[in-house]
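This is what each chain is made of:
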Amino acid sequence: MYVIICMHCFCPQNYPLYIRSVPSQSELKFHYTVHTSLDVVEEKISTVGKAMAEQRELYLGLLYPTEDYKVYGYVTNSKVKFVIVVDSSNTSLRDNEIRSMFRKLHNSFTDVMCNPFYNPGDPIQSKAFDSMVSAMMVQSS
Amino acid sequence: MADDVLFEFLHMEMVSHVYKEQASREDIDKERVTCVSTLEGMGFRVGQGLIERFTKDCPTFKDDLDIMKFLCKDFWTGIFRKQVDNLRTNHQGTYVLQDNKFTLLTQVSSGKQHLEEAPKYLAYSCGLIRGALSNLGLESVVTAEVSLMPSCEYLL
Chain P
1 MYVIICMHCF CPQNYPLYIR SVPSQSELKF HYTVHTSLDV VEEKISTVGK AMAEQRELYL
61 GLLYPTEDYK VYGYVTNSKV KFVIVVDSSN TSLRDNEIRS MFRKLHNSFT DVMCNPFYNP
121 GDPIQSKAFD SMVSAMMVQS S
Chain F
1 MADDVLFEFL HMEMVSHVYK EQASREDIDK ERVTCVSTLE GMGFRVGQGL IERFTKDCPT
61 FKDDLDIMKF LCKDFWTGIF RKQVDNLRTN HQGTYVLQDN KFTLLTQVSS GKQHLEEAPK
121 YLAYSCGLIR GALSNLGLES VVTAEVSLMP SCEYLL
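Residue numbers (UniProt numbering), protein chains in the order written: chain P, 1 to 141; chain F, 1 to 156.
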C-alpha cells in the first residue's frame, strides 16, 4: 500500500491554490520539494512543442537518501498544475491509479471553477474539493 | 426540445435587465458604456469556467492557431450548436471569426432593421471569447461588428 503524503494545486502564475498534507510529516520539507518540482514541470511544458500533444506528464524522481518518494505532476490546458507526493515504501504504484487520481482532481477543480462564487486565483475553499481530497488520501493509506 | 431556446430567452432578459437597471439610475451618458462592460464582464467569467470544462479531455494545444480552431469548432458548437462559418487571420495575432447565422441575433431581425441595437446582444459573447482565451493563456481584445443581421464578425 502506498501513502499519499501531500497534494498541491498551482495556478498559472505558479502560486499555490491549494495545499494539503498529512499532518504528522514534516510539512515544510514537502512544500520545498513540491516547489522545486515546479521547475521540472515548467521545463516539460516548454519542450512539448512539436512533439506529441500529451496532456498528462508523469514525473518520477526526486529520490531522497532517507525516504523513497515520488512526485507526480499534471498540467491542464489552462496551465493549472497539480502535484502529488507519494511515499512508496512498499509496493510500486500503478500508472492507472495515479492517472485516475489526477482525473478526479481535475474534475473537482472544474467544478470549483464553474462555481460563480469562486474568483479564479483565490485559494480554493470549496468543501466538496476538500472532501474529495480527503477521501483520496484516506483511501490510499 | 426547448433547451436551445432557453438560453436565448435568458440572454435577452439579461440584456434588458442590465439596461433597465442603468436607466433607473442617473447619467444617460455613461449608460451605454457601463451596460456593455457589465455584460462583457459576465461573459468573461462564464467563458473561463466553460473553457475549463470543455478542455478537460482534449490534448494540449500546440499553438495559437490550434486554440483558435478549437474555439471555432468545439467551443462554439457547445454553446451555440453550430460552428463558426469563417476564420481569417493575418498571421500576426489578429483573427476574424465570422458567423453567418448567429444564434442570439436570428430572432432580432434578418436584414438591416435594428442594427444599432445589435451591439448590446454581442457584448456577452465578446466577454465569453475573451474569458475563454484568457484562461488558455492568451490576452486578447475582442470586438464585434454587425453589418447584416443575423451575421456578425468577431475581431480578436
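Note that these hints are calculated values from the structure, not bench results. Honestly, I wouldn't trust all of these hints.
The calculated lysine-lysine pairs, modelled on DSS-like cross-linking and capped at a C-alpha distance of 25 Å, are [said to hold, decoys possible]:
{"id": "1", "chain 1": "F", "residue 1": "K69", "chain 2": "P", "residue 2": "K79"}
{"id": "2", "chain 1": "F", "residue 1": "K56", "chain 2": "P", "residue 2": "K104"}
{"id": "3", "chain 1": "P", "residue 1": "K29", "chain 2": "P", "residue 2": "K44"}
{"id": "4", "chain 1": "P", "residue 1": "K127", "chain 2": "P", "residue 2": "K79"}
{"id": "5", "chain 1": "F", "residue 1": "K56", "chain 2": "P", "residue 2": "K79"}
{"id": "6", "chain 1": "P", "residue 1": "K127", "chain 2": "F", "residue 2": "K56"}
{"id": "7", "chain 1": "P", "residue 1": "K44", "chain 2": "F", "residue 2": "K101"}
{"id": "8", "chain 1": "F", "residue 1": "K120", "chain 2": "F", "residue 2": "K20"}
{"id": "9", "chain 1": "F", "residue 1": "K101", "chain 2": "P", "residue 2": "K79"}
{"id": "10", "chain 1": "F", "residue 1": "K69", "chain 2": "F", "residue 2": "K56"}
{"id": "11", "chain 1": "F", "residue 1": "K69", "chain 2": "F", "residue 2": "K101"}
{"id": "12", "chain 1": "P", "residue 1": "K70", "chain 2": "P", "residue 2": "K29"}
{"id": "13", "chain 1": "P", "residue 1": "K44", "chain 2": "P", "residue 2": "K79"}
{"id": "14", "chain 1": "P", "residue 1": "K79", "chain 2": "P", "residue 2": "K104"}
{"id": "15", "chain 1": "F", "residue 1": "K73", "chain 2": "F", "residue 2": "K56"}
{"id": "16", "chain 1": "F", "residue 1": "K82", "chain 2": "F", "residue 2": "K69"}
Quick look at which bits of chain P chain F covers, simulated, 3 or more residues with Cβ under 8 Å [to be verified]:
{"id": "17", "segment": "27-37"}
{"id": "18", "segment": "70-84"}
Glycine residues also receive a C-beta, built at the ideal position from the N, C-alpha and C atoms.
Now for the hints, and whether the structure bears them out:
Taken as a hint, the K69 (chain F) and K79 (chain P) pair is honoured in the structure, with Cα atoms around 19 Å apart against an allowance of 25 Å. Between the alpha carbons of K56 (chain F) and K104 (chain P) the distance comes to roughly 11 Å, so the proposed pair stays at or under 25 Å and holds. Note on K29 (chain P) and K44 (chain P): the hinted pairing holds, with a Cα-Cα distance of about 23 Å set against a maximum of 25 Å. With a C-alpha separation of about 23 Å, the suggested pairing of K127 (chain P) with K79 (chain P) holds against the 25 Å cut-off.
Of the supplied pair hints, the one linking K56 (chain F) and K79 (chain P) holds, its CA atoms being roughly 12 Å apart against a limit of 25 Å. For the suggested pair K127 (chain P) and K56 (chain F), the alpha carbons sit about 21 Å apart, so the restraint of at most 25 Å is met. For the given pair, K44 (chain P) sits about 42 Å from K101 (chain F) by alpha-carbon distance, which is inconsistent with the 25 Å threshold. Distance check on the hinted pair: K120 (chain F) and K20 (chain F) sit about 13 Å apart at the alpha-carbon level, within 25 Å; holds.
A threshold of 25 Å between alpha carbons decides the hint, and for K101 (chain F) with K79 (chain P) the separation of about 33 Å lies outside it, so the pair is violated. A hinted pair counts as satisfied when its Cα atoms are at most 25 Å apart, and K69 (chain F) with K56 (chain F) qualifies at roughly 16 Å. A hinted pair counts as satisfied when its Cα atoms are at most 25 Å apart, and K69 (chain F) with K101 (chain F) qualifies at roughly 19 Å. A distance of roughly 14 Å separates the Cα atoms of K70 (chain P) and K29 (chain P); the hinted pair therefore holds under the 25 Å criterion.
Restraint check: the Cα-Cα separation between K44 (chain P) and K79 (chain P) comes to about 12 Å, which is no more than 25 Å; the hinted pair holds. For a cut-off of 25 Å, the pair hint linking K79 (chain P) to K104 (chain P) stands: about 17 Å separates their Cα positions. A C-alpha spacing of about 16 Å is found between K73 (chain F) and K56 (chain F), which places the hinted pair at or below 25 Å, so the restraint holds. With a CA separation close to 14 Å, the supplied pair K82 (chain F) and K69 (chain F) stays within the 25 Å bound.
Coverage of the segment 27-37 of chain P by chain F is violated [criterion: at least 3 residues with CB-CB distance below 8 Å; count 0]. Figure legend: the segment 70-84 of chain P, annotated as covered by chain F; annotation consistent (5 residues with Cβ-Cβ distances under 8 Å, at least 3 required).
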